[in-house]
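Chains as they are written, first to last, in the numbering used here: chain X, 1 to 120; chain Y, 1001 to 1172; chain C, 2001 to 2687.
Take these hints with a grain of salt, some might be off.
[Stated by the list, open to error] Below 20 Å or equal to it, Euclidean Cα-Cα: the simulated SDA-like pairs (lysine to any residue) are:
#1 C:Lys-2535 with C:Lys-2497
#2 C:Lys-2280 with Y:Leu-1075
#3 C:Lys-2413 with C:Lys-2426
#4 X:Lys-89 with C:Asp-2220
#5 C:Lys-2380 with C:Lys-2413
#6 Y:Lys-1044 with C:Ser-2114
#7 C:Lys-2632 with Y:Cys-1099
#8 X:Lys-116 with C:Ile-2169
#9 C:Lys-2089 with C:Gly-2054
#10 X:Lys-89 with C:Met-2158
#11 Y:Lys-1096 with C:Leu-2627
#12 X:Lys-116 with X:Gly-25
#13 C:Lys-2380 with C:Ile-2274
#14 C:Lys-2211 with C:Met-2107
#15 X:Lys-74 with C:Glu-2146
#16 X:Lys-89 with C:Ile-2552
#17 C:Lys-2497 with C:Gly-2387
#18 C:Lys-2362 with C:Ser-2346
#19 C:Lys-2514 with C:Gln-2621
#20 X:Lys-74 with C:Glu-2196
#21 C:Lys-2443 with C:Asp-2464
#22 C:Lys-2632 with Y:Pro-1056
#23 C:Lys-2535 with C:Lys-2514
#24 C:Lys-2608 with C:Gly-2387
#25 C:Lys-2632 with Y:Asp-1103
#26 X:Lys-74 with C:Lys-2632
#27 C:Lys-2535 with Y:Pro-1051
#28 C:Lys-2632 with Y:Val-1084
#29 X:Lys-74 with C:Glu-2225
#30 C:Lys-2570 with C:Gly-2586
#31 Y:Lys-1096 with C:Thr-2629
#32 X:Lys-89 with C:Asp-2399
No wet-lab data here; the hints were simulated from the structure.
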Amino acid sequence: MASILAVDDSASMRQMVSFTLKGAGYDVTEAKDGQEALQIAKSNSYNLVITDINMPIMDGITLTKELRSLPAYKFTPILTLTTESSGEKKMAGKQAGATGWIVKPFNPDQLLATVKKVLG
Amino acid sequence: MSTTATELNSVINSELDSDADQFLTFVLGSEEYGVDILRVQEIKGWDSVTPIPNTPDYIKGVINLRGTIVPIVDLRQRFSMPEVEYGPITVVIVLKIECADRDRIMGIVVDGVSDVYDVPPEEMKDAPDFGNVVDTEFVRGLATVEEKMIIILDIDHLLSGNEIQATDKLGI
Amino acid sequence: MQQFHQTFFEESFEGLDIMENELLNLDVGNADSEVINTIFRSAHSIKGGSGTFGFTAVAEFTHVAETLLDEMRDGVRQVTQESVDILLKSVDVMRAMLTTLSDGGEMDVDNIASVQMELEQLLGTESNSSTTDEVSDSNNSDENSEGWLISFRPHVEMLRTGNDPVRMIYALTELGQVSTKADISDIPTFVDLNPEDSFLGWEITLKGDVKKEDIVEVFDWVEDECDLDIQPLINESKATTEETTTPEAVAAPSEIASKAKPTAAKKTAESASIRVGIDKVDEIINLVGELVITQSMLGQVGSEIGNADEHNSPYMEKLLEGLAQLERNTREIQESVMRIRMLPISFVFSRVPRLVHDLSSKLNKQVELVTTGENTELDKTVMEKIGDPMVHLVRNALDHGIETPDVRKAAGKSEMGTLSLNAYHKGGSIVIELSDDGAGINKERVLNKARSNGLVGENENLSDDAINDLIFHPGLSTAESLSDVSGRGVGMDVVRKNIKSLGGSVRVDSVEGKGATFTIQLPLTLAILDGQLVKVADETFIIPLVSIIESIQVKSANLSGIAGKAALYKLRDEYIPVIRAHNVFGMEDSNSSLEDRLMVVVEGDGAKAGIIVDDLLAQQQVVIKSLETNYKRVDGLSGATILGDGTVALILDISGVIDMFKTLSNSVPPSPVDPDGNGSDIAEKAA
């Protein structure tokens, strides 16, 4: 089964994302900020990374850049969670190497549909 | 715990599942009283208590019931009946009292436990009004079993509210 | 979704606290961008969460506040006092909304709307009152029942963002019937072929009743990583050279990519902390309490058996060893469990900056707040109950203590007053000090008021400390006019009462013109205490060690009577009242004399007294059990505990005992030598 790393500083969002994805049969690991995610990502491998953008310690943009610089994550889909409706933040994520984004608020169905889009 | 108490505990446990209203009866002098058996937590032999200063005489004190501090009320003194020496059959009936805010656990000291009776609701009679002579406030009803009169107590009323919880301010 | 609500509320309340504190930290005019970012992030998380969990009202409101913060973050907007104030108000509104959502009740719609309007006015925008994405640019959603011709040419580097053209073509197959033609003209020679680059392009024919916006959405993420052209399909007939796409044909790059990653995903450690309901912790604490009692019971039995054992049996030795080990383990478990409930006092201190901010602007005073010792830990229950008294003391200090700038200036002080909060551990207690450099307590005014109320006799002389202590007396409010800030009918007496009910004490030190310091001492926990076991008549009582100053043997030379009834004891340079525990508790004292008796010198609420007991037993840690659980509060007792032998012992509430003693003395009819009837409360005055 595909494994997903879910990164968000908000515990409730993390729980929701994780719960939804686990319910759909994915193997989910949670991290509460970019730095923790990077550590976890280095010692494991994931088929998909979903990360919030605004986080303390290390934000999602930096995390994306860092991950893309790792050989193992060169092509791994990375999705950013963003509430920004403007293109600006989405583009910042893209420029850092993100595959795409999920706009908050989203419901579990939207999340699964988007994840399916990259994992099939 | 006395033998009597142990026996009765097993009676209670074996008969708890019955549908009918069951009452545990006990004696005070020549009178027999009943309490709803579902409220009875356990029956213990009388053992020493730790008195609480500046409380009414009928509050004998508190005991340690498996880690919980439980107050003990002497029912004879509560009813202003003559005191008797506590003897080998003197028992403490531990009851669950439903108060407005929460449930409480309290024990009552009685002369001895008697029996467990089924009392169908239709056989429960209202207590006559004795005016000021006898306080019938705590009496839920009267029942006749085997030609004896049993006074069914309203223990919530008897042991909660102003009577026990907010007893007299310090009498000094 | 409901199962996440509790977590959402908890983290949102934490986020609001962070916002509030950081807003108060913001240096107006020279704002630290990291601070603004932190505030923004909290608002952002609340907005995201509330949107996701369906609390649209919160999301909409937060969106407006977040927009303001975003402008500050981007440096587009100056951080002004006005904007900080409005944001603080917004925090209150958000907190109220979330509280309503979590606990039920009515939303204060008017207030929400009015604060939102203030925010919008500041932003200079009309609200579009929507947090959701703007509708995608689909206004020209030309319907096309035939289909579309899509030219899709990914840029060379598209694969590097993890996007795979095959997925997009797959996605199109879900919209309609797809046929593709691959353009391989850009593929370089094998030597130049970089497997991480994308060289293919496609002409895609999508047949069916498909909306253009749905197609745009498929390519949403790669908009700027490809050349995309979508044209309505006009001439269907010329589609003769099409080949049906087999996605595998273009899948090569993604296969290379997937080889680079091992498949096994190991479980990693979850985050370093967990949230647990406080009831679960309390249950463990109760159980450990039981364990402590059982252990001490076993220990007692063990040592009795040990003493009786004449044969020095080897089993006996092992048993005693085991019991000693059990005692150590039990103590360690108890300490660890207690630590779970310990939280830093910063949870209480963090309420203060906001209060100081609001009050000082309301009172037109300048106040600097200095806090130290925020990391000092204490039990959660104690903390929850100390919040209100602390708030009251802060109000009091700002209202009555610290003067207005002009008054301060005239007194030769700096215009900016200082309020200091400090916390530290002392023995088994936590000490919280709250000092201001204001006017201090006006002793003359307090004394006059106390005299006019009849609390103090006309000719009676009181020590400075005793006068200052009068402010804790019910009905002594010294404010010249009732202000909006203090004087809401809650006085310092209530502060003292609340602190006393926690088994703590509060006292004040004041120097007129220089300021006042309130010192609160509280037990670290309400679950256990270190106690001195004493015998009074036949009963064992426990006196909390924190209340005990010393235990002495009464020397008759130091005893003196007043009016033939109250006894005073000269302890070094002061006189303290002597309380017979027997009298207070209505027990028989077999010994009428006080000479050579044991006296425990105690202190409660700044008042000292000597309590006569019959014997001093062991000192030990006891688990506090409430009498109220099954009975009711009893004057002079703070609870009960279960001793090693299984019996119950009552724990004395020292201030309560002293109060009872005063009442007892007062109820005795005035003696003839004391014509004005005042003498009977001599104990109080001597203290």
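Status of each hint after checking the structure:
1. About 28 Å separates the Cα atoms of Lys-2535 (chain C) and Lys-2497 (chain C), which puts this hinted pair outside 20 Å; it is violated.
2. The straight-line distance between the Cα atoms of Lys-2280 (chain C) and Leu-1075 (chain Y) is roughly 37 Å, outside the 20 Å bound, and the hint therefore fails.
3. In summary, the hint linking Lys-2413 (chain C) to Lys-2426 (chain C) is not supported, as the alpha carbons are separated by about 33 Å, beyond the 20 Å threshold.
4. Taking the CA atoms of Lys-89 (chain X) and Asp-2220 (chain C), the gap is about 14 Å. The hint holds against a cut of 20 Å.
5. Proposed proximity of Lys-2380 (chain C) and Lys-2413 (chain C) is contradicted: the alpha carbons are some 39 Å apart, above 20 Å.
6. A distance of roughly 65 Å separates the Cα atoms of Lys-1044 (chain Y) and Ser-2114 (chain C); the hinted pair therefore is violated under the 20 Å criterion.
7. Taking the CA atoms of Lys-2632 (chain C) and Cys-1099 (chain Y), the gap is about 12 Å. The hint holds against a cut of 20 Å.
8. Restraint check for Lys-116 (chain X) and Ile-2169 (chain C): satisfied, since their Cα atoms lie roughly 14 Å apart, inside the 20 Å limit.
9. Distance hint between Lys-2089 (chain C) and Gly-2054 (chain C) is unfulfilled; the C-alpha atoms sit about 23 Å from each other, more than 20 Å.
10. Note on Lys-89 (chain X) and Met-2158 (chain C): the hinted pairing holds, with a Cα-Cα distance of about 19 Å set against a maximum of 20 Å.
11. Distance check on the hinted pair: Lys-1096 (chain Y) and Leu-2627 (chain C) sit about 16 Å apart at the alpha-carbon level, within 20 Å; holds.
12. Our distance criterion of 20 Å between C-alpha atoms is met by Lys-116 (chain X) and Gly-25 (chain X), whose separation comes to about 12 Å.
13. Proximity of Lys-2380 (chain C) to Ile-2274 (chain C) is assessed by CA-CA distance (about 17 Å); at most 20 Å being required, the pair is judged to hold.
14. Distance check on the hinted pair: Lys-2211 (chain C) and Met-2107 (chain C) sit about 41 Å apart at the alpha-carbon level, beyond 20 Å; violated.
15. With a C-alpha separation of about 39 Å, the suggested pairing of Lys-74 (chain X) with Glu-2146 (chain C) is violated against the 20 Å cut-off.
16. The hinted pair formed by Lys-89 (chain X) and Ile-2552 (chain C) fails the criterion: a straight-line CA distance of about 75 Å is larger than 20 Å.
17. Our distance criterion of 20 Å between C-alpha atoms is met by Lys-2497 (chain C) and Gly-2387 (chain C), whose separation comes to about 14 Å.
18. Taking the CA atoms of Lys-2362 (chain C) and Ser-2346 (chain C), the gap is near 25 Å; set against the 20 Å cutoff, the hint is violated.
19. For the suggested pair Lys-2514 (chain C) and Gln-2621 (chain C), the alpha carbons sit about 41 Å apart, so the restraint of at most 20 Å is broken.
20. Taking the CA atoms of Lys-74 (chain X) and Glu-2196 (chain C), the gap is near 9 Å; set against the 20 Å cutoff, the hint holds.
21. The straight-line distance between the Cα atoms of Lys-2443 (chain C) and Asp-2464 (chain C) is roughly 8 Å, inside the 20 Å bound, and the hint therefore holds.
22. In summary, the hint linking Lys-2632 (chain C) to Pro-1056 (chain Y) is supported, as the alpha carbons are separated by about 13 Å, within the 20 Å threshold.
23. A threshold of 20 Å between alpha carbons decides the hint, and for Lys-2535 (chain C) with Lys-2514 (chain C) the separation of about 47 Å lies outside it, so the pair is violated.
24. Restraint check for Lys-2608 (chain C) and Gly-2387 (chain C): not satisfied, since their Cα atoms lie roughly 28 Å apart, outside the 20 Å limit.
25. Distance restraint check for Lys-2632 (chain C) and Asp-1103 (chain Y): the Cα-Cα separation of roughly 13 Å lies within the 20 Å cut-off, and the hinted pair is therefore satisfied.
26. For the suggested pair Lys-74 (chain X) and Lys-2632 (chain C), the alpha carbons sit about 69 Å apart, so the restraint of at most 20 Å is broken.
27. Restraint check for Lys-2535 (chain C) and Pro-1051 (chain Y): satisfied, since their Cα atoms lie roughly 14 Å apart, inside the 20 Å limit.
28. Only pairs whose Cα atoms come within 20 Å are accepted, and Lys-2632 (chain C) paired with Val-1084 (chain Y) is rejected, the gap being roughly 27 Å.
29. Note on Lys-74 (chain X) and Glu-2225 (chain C): the hinted pairing holds, with a Cα-Cα distance of about 16 Å set against a maximum of 20 Å.
30. Restraint check for Lys-2570 (chain C) and Gly-2586 (chain C): the C-alpha separation of about 26 Å exceeds 20 Å, so the hint is violated.
31. Between Lys-1096 (chain Y) and Thr-2629 (chain C) the CA atoms are separated by roughly 12 Å; this keeps the pair inside 20 Å, and the hint holds.
32. A distance of roughly 47 Å separates the Cα atoms of Lys-89 (chain X) and Asp-2399 (chain C); the hinted pair therefore is violated under the 20 Å criterion.
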